[in-house]
Structure formats: structure tokens, C-alpha cells
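Q: In order, the protein sequence lines correspond to chains A and B. Each position in the first sequence, counted from 1, maps to that position plus 225 in the working numbering. Each position in the second sequence, counted from 1, maps to that position plus 749 in the working numbering.
Everything labelled a hint here was simulated from the structure, so no lab data went into it. All C-beta atoms in this analysis are idealised placements derived from N, C-alpha and C, irrespective of residue type, glycine included. Just so you know, not all the hints are guaranteed correct.
Per label pair, the in silico range of CB-to-CB distance [stated by the list, open to error]:
| no. | chain 1 | residue 1 | chain 2 | residue 2 | range |
| --- | --- | --- | --- | --- | --- |
| 1 | A | PHE231 | B | GLN1053 | 34 to 42 Å |
| 2 | A | GLY326 | B | ASN1125 | 31 to 39 Å |
| 3 | B | GLY955 | A | ASP228 | 52 to 60 Å |
| 4 | B | GLU913 | A | GLY326 | 38 to 46 Å |
| 5 | B | ASP1013 | A | GLU306 | 37 to 45 Å |
| 6 | B | THR1054 | A | GLY329 | 32 to 40 Å |
| 7 | B | PHE1200 | A | ASP228 | 51 to 59 Å |
| 8 | B | LYS1006 | A | VAL237 | 47 to 55 Å |
| 9 | A | ASP276 | B | GLU1127 | 47 to 55 Å |
| 10 | B | GLU1005 | A | GLU235 | 45 to 53 Å |
| 11 | A | GLY329 | B | GLY1060 | 30 to 38 Å |
| 12 | B | LYS1006 | A | PHE231 | 46 to 54 Å |
| 13 | B | SER923 | A | THR252 | 43 to 51 Å |
A few chain A positions that, by computed beta-carbon distances, are all more than 12 Å from chain B [what the hints assert, rightly or not]:
| no. | residue |
| --- | --- |
| 14 | SER291 |
| 15 | ASP315 |
| 16 | ILE318 |
| 17 | LYS323 |
| 18 | ASP328 |
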Amino acid sequence: MLDFDFNPEEKVLTCFFKGRLDTVLSTQLALELESKFQSLSENADKESFLDFSLVFDVKDVSFISSSFIRLCVAGNKRVKEGSFSILNSDPFIMKTFKIAGLDGILNVK
Amino acid sequence: MEESLTERANDILEKAILAAAEFQEFNQEQTDKVVEAVYIAALNARIKLAKMAVEETGIGIWEDKVWKNVIGTQLVYESIRNEKTVGVISNDPVTGISEIAQPLGPIFAVTPVTNPTSTAIYKILICLKSRNPIIISSHRSAAHCTGEAARICYEAALSAGAPEDCVQMIPAGSREFTQTVMAHPRVALILATGGTGLVKAAYSSGNPAIGVGPGNVPVFIDESADIPFAIASIIRSKTFDNGTVCASEQSVIVEEKIARTVRDEFTRQNCYLLSPEEIQKVEKIAIVKDTLSMSPFIVGQSVQTIAEKAGISVPLGTKILLAELSGVGKDYPLSFEILAPILAFYVAKDYHSAIKLCIDLNYLGGIGHSAGIYANDEKRIMEFSQLINAGRIVVNTPTSQGAVGGTFNMLPPSLTLGCGTGGKNITTENITVKHLINIQRVCRRKMNDKFFSVDRNIYMDENCNETALRLEYHKNH
């Protein structure tokens, strides 16, 4: 349900989400994500970790719950302003972020 | 000064209230006689009023203004003439419910500069059909032509026996006075058609309001569409009255795979594709940089006038200036609403990207208004329609004429288009007579046998859960 691709040279962590991201799954994914952050921050000082870009790829996602949106907001707070983005949203998912008024802040593409 | 404004407003509303009092005594026949007289007089004046409107405002094309007047008179009249608006309007013996139509009272109507005579006539017709006196506040740049339209309608109404002061005009130009009348406690409803500021003022007045503001109409051309037909239709709509209809196309979105064909077709049908440098020049004169709103100086102007103002040269006979943009928002001023023959054009890499662009444009100041799609794939038509927040999604139809209704589809013809809650409106419908009456429902005793057959005591039993209550409720006796 969640794969990672970490590119240390470009300092980009891409998270590939899959499936129906309901509340239960999103809560579980939040823990996985947190664990990933922990392991990455152990290998870098805190400041340089903040320099990373964080990308949520939702190409294979069919549904997002409000918990997943909260996860995105939390992800956005982990990195510097403008370093977070959501890629490959289908129009229905994009509309969900639009209605939530977060498409701009979360840089949904 | 304040007292004087209030006194003047009181005077107008006192007259309107007396008209309302007399009007509520009218029967359907008397009401219809007044409406017919107004329709005839206004339709006969369609050309004179159209020419006056263009001469006074300097906006649009008089021949198209004639068509707008025809829509505002003949098509509106034909759509409302057989409506029951007085007394008992329905009676259902099965439910035992009868509906009675009651007028609202004085309606304060604001008319825009872009459609100054047609909107005035349309509002007068629907107000009189619902037995409501109307007080009109015209745009300051269209006071004379709107006033003349109102005068013609009022005299015709009087000749058919309408109450005195059933149509009144307030002097244009004073925003303060307009707001004073708008907020007057005797105003029953505000019908505001115009810019964002006006609509906001209407909603802030404390009186009920139907306020219809701006749009930003995206049009998606699907690969399944008949492209030459689609382009001809878009041109027909975007050039109508030099693009002054708020439902006119603001942007065209296509997938990469058909982009070249669409570009070529636009060019073949005499549209001009602006270069990046020319786009910058047009941006400067079309959009006010600080507010990101369209410049009043280009509203309803011809392509040639706009080109001259921008300092660019376009071939004679050019119908539309096409600006190919790569983004939406403040960095791309031409992605905002412009009521002139300037059209944004977007190429997306695939279908999903194209739809996402449409959503972006839809949310850029046009939520709830209108959108268009050209497609012969029903699945895509329905998918697009569910994703776009628009009161009207017109299919294979010029959006200006399609959204207004009465010609290319069966929507009620209207010059005030509801935009739903997205546009801060209470309805997404085309505003017409039914929105201007209070419907009272006479509800005769019709017992709910299911409810009264249930043993009342089981509702008091803590051990009786929803399943048991449902089974008991639906039990056949």
C-alpha cells in the first residue's frame, strides 16, 4: 500500500500510495511514514532533513479519506515551504483537495 | 444626508408597497393581460433599445443586443405565459396538498451594463407575472437605455390595468442610495445581476437576495467531438455581442493528441493565435493588474479595438484572439474571466490532465456558473459533469446561448443564472417566475397508516431496537 523511493542526490523522498486510502489504512500508513522519516533523519542531521522534498504519488489511489488529507497536511509540515507535492492525482482526487481548499497549499498536480 | 437618502428610499418603497397591495388582488387573467402588454411593447422596441444600449454603453454589437432583447421578451414570455402564478396553482387529491401562489412584495432589481435592456425587460416580465412591483437600479453607464426599457414596459403595463408604480427606476450613479434602498426593510427580495461587489452588497443588506455574479467558463473539447463543429460553435458563442454574456467561453481545453487539429481549425475559422509577446501586450490592457479583474475598457469591444489598444496587428476579419497558456491563476492573467473576444487555450498531456485544468479554471472565480463540453462519448460527458462545479454544463452547444436557455436546450430562458452555494446563491437554476412567488401548501389530514398502526408502547421499550421498530413500521396489516 506504500512504497518509498529515496533519492539522496536530489534529496527527494517519493511515497507511492496504492488502493483505497480509508481512515484505517491511512492511520496505518501514517505510522509507516513516520518510521521512514525516523530512519532517514537518523542518517542526516535535522536541518539537512528539512531540506528534502517530499512527494506523495497517488497514481494508483482510488479513494482518499479525510485521514489521508490530514496525513498530507502533516507531511507538508515536515518539509520546508514549497517542498511538498502530490503527484498524479486523478480528477476526482484533485477535486477532493480542491473542495478541502488545500490544492494550492499541498501543491496537488 | 443620511436622512435624506432614507427619506427618498421610504418614498420609493411606500409607492411600491401600495402597488404590491393592489397587485395581490389581481387574478390570473388580469395578471396575464399586463404581462402580455409588456411583452408586446418590449418586443416591438427590441431594435430601438438595442441601438440605444450600444450607443450609450459603447459595449457589444447592436444586432446581437436585438437577439438578447428577443430572448428577454419573446422567449421569456413564451416560457412563462402559461404558468399559474395566482391563487391555487396545484391540487393533488392523492397527497391532499394544494399549493397557493402568493406574491413576495417589492423586488429590487439591479441590472448590468452588459445586458442593460434585455435584463431589465426580463426582470420586469417575471416580476409582473408573479404580481410583484419592481424597483430597478441600472448600471450608471446604462441608465438611459435601461430607463427607456423600463418606461416602455411600465406604460404598457399601466395601459393593461397594472397598479401605479408597479415599475420604478431609481437614479443611477449613487452606490450609497442603491445600498440604502437595497437594505430597506420593505424590500421583499433583491435580484442582483452584476459584479462580485454588487452581489456581496446584496447579500449583506439583510434582505433575501438572489445574487448572480461572475463566471469563468471552461470548455473541454474531447477527442470524440466533431472538431470543426465545436470550433464554429465556440466562435458563434464567444463573438456573440463581443463576448459580453457571463456564460461565454473563457477557455478551451484539449488533449495533446488533438491540439494541432484544434489550433488549425481555429485558424481556418479566422481566429488569431497570439504569440507569447502578444499575449503579454493583451494581458496589460485586458486585466487590471492589482485586482486581477477584467478591464472595463475592453468589455464587449471588438477584436480590432482590442488589438489596437494592445498595439498588435491582426488580420482583418479576425473573430477571436486565442491565447495559448501553460497555467492557471495570477501568473496567467488571461486565465481569468474576460467578457470580450479573448479566449484562453490550453493543451494537456492527457484526458485526466485536461479535466484537472478544467477544474482549476472552474475554481478560478467561476464556481457554480457554467461549463461546456464537446464530446460524443456519453461516459466522458457525465464524468466531466460530475467533476465540474457548475449550475449548467452545456453539451455540444455554444455556452452563451446554451446557458441562457430557450434556444439550444430546454432550460428556462433567463438572464440571471443561479450559481448554487459555490457562487453564494441559493439555487443553481435559471431564475424565473417560480423563484419570485411564495408557495403556500394547504395540507389536508391524510393519516400515515403505517405510523399509526404501530403499537405506541414499543417506542418506550428500551429493549426494542431499530430493527424491531423498522419491521413493526413496515408490517402489513
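Q: Please list, smallest to largest, the hint numbers that this structure does not respect.
A: When the structure is compared with the hints, numbers 1, 4, 8, 10, 12, 13, 15, 16, 17, 18 turn out to be violated.
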